[in-house]
Amino acid sequence: MKDSRIRGAEIVIKSLVAENSEYIFGYPGGAIMPVYDALYDYADQIKHVLTRHEQGAIHAAQGYARVSGKVGVCMATSGPGATNLITGIADAMIDSTPLVCITGQVASPLLGTDAFQETDVVGFSMPGTKWNIQVRRVEDIAPAIAKGFHIARSGRPGPVLIDITKDAQNDLGEFNYVPCLGIRSYRPYPKVKESQVAKAAEVINSAKKPYVLYGQGVVIGKAEEELKAFLDKTGIPAACTLLGSGALSEDHPQYVGKLGMHGNYAPNLLTNQCDVLIAIGMRFDDRVTGDLKRYAKQAKVVHLELDNAEIDKNVKAEVAILGNCKESLPMLTQKVNENSHEEWLKEFRKLEEKEKSAVVSLDLLPTKSGLTMGEVIRYINDYKKDDAILVTDVGQHQMIAWRYFKYKTSRTQVTSGGLGTMGFSLPAALGAQLADLNRQVVCVVGDGGIQMTIQELGTIMQTQSPVKVVLLNNNFLGMVRQWQQLFFDKRYSFTELDNPDFIKIAEAYNMKTSKVTERDDLRDSVAEMMIHDGPYFLEVVVEKEDNVFPMIPTGCSVEEVRLS
Amino acid sequence: MNRYTVSLFTENFIGILNRVTLIFTRRGVNIDALTASESKEDGVHRITIEVTTTEDQVIQIVKQTEKIIDVIKSFYYKDDEVVYQEIALYKIPISSLDPGLEKVIRQYNARIISAEKEFVVIEMTGHKEDTKALLEILKDFNILEFARSGRVAVAKPMGTIEQYLNN
Chain A
7 MKDSRIRGAE IVIKSLVAEN SEYIFGYPGG AIMPVYDALY DYADQIKHVL TRHEQGAIHA
67 AQGYARVSGK VGVCMATSGP GATNLITGIA DAMIDSTPLV CITGQVASPL LGTDAFQETD
127 VVGFSMPGTK WNIQVRRVED IAPAIAKGFH IARSGRPGPV LIDITKDAQN DLGEFNYVPC
187 LGIRSYRPYP KVKESQVAKA AEVINSAKKP YVLYGQGVVI GKAEEELKAF LDKTGIPAAC
247 TLLGSGALSE DHPQYVGKLG MHGNYAPNLL TNQCDVLIAI GMRFDDRVTG DLKRYAKQAK
307 VVHLELDNAE IDKNVKAEVA ILGNCKESLP MLTQKVNENS HEEWLKEFRK LEEKEKSAVV
367 SLDLLPTKSG LTMGEVIRYI NDYKKDDAIL VTDVGQHQMI AWRYFKYKTS RTQVTSGGLG
427 TMGFSLPAAL GAQLADLNRQ VVCVVGDGGI QMTIQELGTI MQTQSPVKVV LLNNNFLGMV
487 RQWQQLFFDK RYSFTELDNP DFIKIAEAYN MKTSKVTERD DLRDSVAEMM IHDGPYFLEV
547 VVEKEDNVFP MIPTGCSVEE VRLS
Chain B
34 MNRYTVSLFT ENFIGILNRV TLIFTRRGVN IDALTASESK EDGVHRITIE VTTTEDQVIQ
94 IVKQTEKIID VIKSFYYKDD EVVYQEIALY KIPISSLDPG LEKVIRQYNA RIISAEKEFV
154 VIEMTGHKED TKALLEILKD FNILEFARSG RVAVAKPMGT IEQYLNN
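Chains as they are written, first to last, in the numbering used here: chain A, 7 to 570; chain B, 34 to 200.
Hints may be right or wrong, so weigh each one.
Stated by the list, open to error - Here are some chain B residues pointing at chain A (derived, C-beta under 7 angstroms):
1) 44
2) 55
3) 105
4) 151
Quick caveat, the hints were computed from the structure, so don't treat them as lab data.
Predicted model only: the values in this text are computed from it and were never measured.
We put the CB at the ideal spot given by N, CA and C, even for glycine.
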């Protein structure tokens, strides 16, 4: 009788195929070689993207996951391969991105002996993963992967790491994939309590100035329609967090803008004037709240949240509705009164005008000679489709691009929000593009961040992903420089960069390029980039010392938001 | 700051203790004592942790430990909400044995559980304050070694892990 057993390495690949994984973002090496060998025979069933660094692989998997809503898969070898994933793991954890990371490990007899490329990656990643495990026996591989996928994508999603010893990869075992449907100790979707919904409805119905804050929980819960239905019925003004952008179209009449340190003026200021604050799928991050002691103290807080540990963590809730907002929002919509809040909305619009004249017009329609980051985004808006995806890095350009990009549909925002990982955008844009080749992907990046993962231009070239890279070059680590200007007496300590010729670098990667230094050329260059059907690299040399406003300085209250 | 007993019911997997203690470490909360054992339920492990901190911190810690996949349920209690005991062992040189020691042993309801050529081991079970008081006295008897366990505790409130599991 023929032996039906296969090697553990092949079980890894067959398990990923069984989970309908489309891509593996990875990098081979000694301890993962059996899996790469098995992968060779599965090229027709699963695609592998060879990045230029493991950090690139995990950020690409994150970009893929954020756009597709599916679990991103990345793979690396033991030791340095595994530790290079750590930044991405931390990033995915804090931004609730579903990932399965598979790392090779030295053979089990060598564990703990400081063998070549041995590192305790399970130990390293324990505080940063939603779950992790080391697999040392071939029969444990498929169950670990099944459990990993279930944990990564359910509840509040997050990264999972599965470390597989080389002997387990090489040993023979039966393949019988049983998807994981539940775990005794893990309840990802708490049942929404009717009584809490009723209490919340009562609070909302008696509110004079209610105010909705929505976050990425709406996107993750696929509750965009439910949010809109709730807003349509109640007439409540709504503002978004960084990662919530796109969950509601900015064309919605009650959309009032963005929250946080560099969000819009009105949404921040009026947080301290509402009487009921309805937080939906957001976690009151310190970049949103500013000084907690002076945050919305006048308001009753209603918190719709899936993660129990987020309730009362930063802001105490008068009424907490624990559960998936996809489920709780319709229940709440049913119980709240139809209403409108025209006068209250007008207060937002009035302050919006103030921000327009003090900040927005200077950013978008500048009259000074230097180019602004804002005007670049304005032209991108002119040539982008509604479902175009904006991927940004971290810093000034991130905040400017976020402020001015017109979000029309969900899953159009990919950025490193919680962790603030410079170097995130280039690989994340690649993953975002592979998640949907039909959508425009614009990667806006600064001259600091791009140099942290610039090698991934090679991956963009090899995959011919039609990513549009927009480098906003001010020859500075601009956000740090801004803080140095405002809070450190302009002592520009190690923030100015001597940069390479970025165009030459991009050309070396065979990308179509363009460099803009004059305002007159900007529109045409952006237009050319946006209609180009392959990868494109646009460098825009912008004013060196522009600042991002509005701004809530650290330690200040939301009502102390500054326009200059 | 108050003393709290955090009681966790978990799966018995490798690394679970590490995962749990990381949550305390991250918030800078020192673990005063810790014990781990099986529970009444088959395959359910229990970890009892004693900490001194604020109620806000302990609430957050409990919620965050519950996020650990292999943690089934976590609870926290003030001292008056649990029945708890700690065991202490005291190693005393033979040369210190005298009628005074007998009196102390009787007074504290302690007992000698082992007698070797050079030393005896006294055991006492009770609360930390009591075992500490005995320690102070035994210092006069040239105590050689002292060890105290973490608390083992059962909760006074009647909700059980069993109910939770069947829910």
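Status of each hint after checking the structure:
Below 7 angstroms, beta-carbon pairs count as interface contacts, and residue 44 of chain B has one with chain A at about 5 angstroms; its hint therefore holds. The closest approach between the C-beta of residue 55 of chain B and any C-beta of chain A is roughly 5 angstroms, which is under the 7 angstroms cut-off, so the hint is satisfied. With a least beta-carbon distance of about 4 angstroms to chain A, the hint placing residue 105 of chain B at the interface is held under the 7 angstroms criterion. Interface hint status for residue 151 of chain B: violated, as the beta-carbon distance to the closest one in chain A is roughly 38 angstroms, over 7 angstroms.
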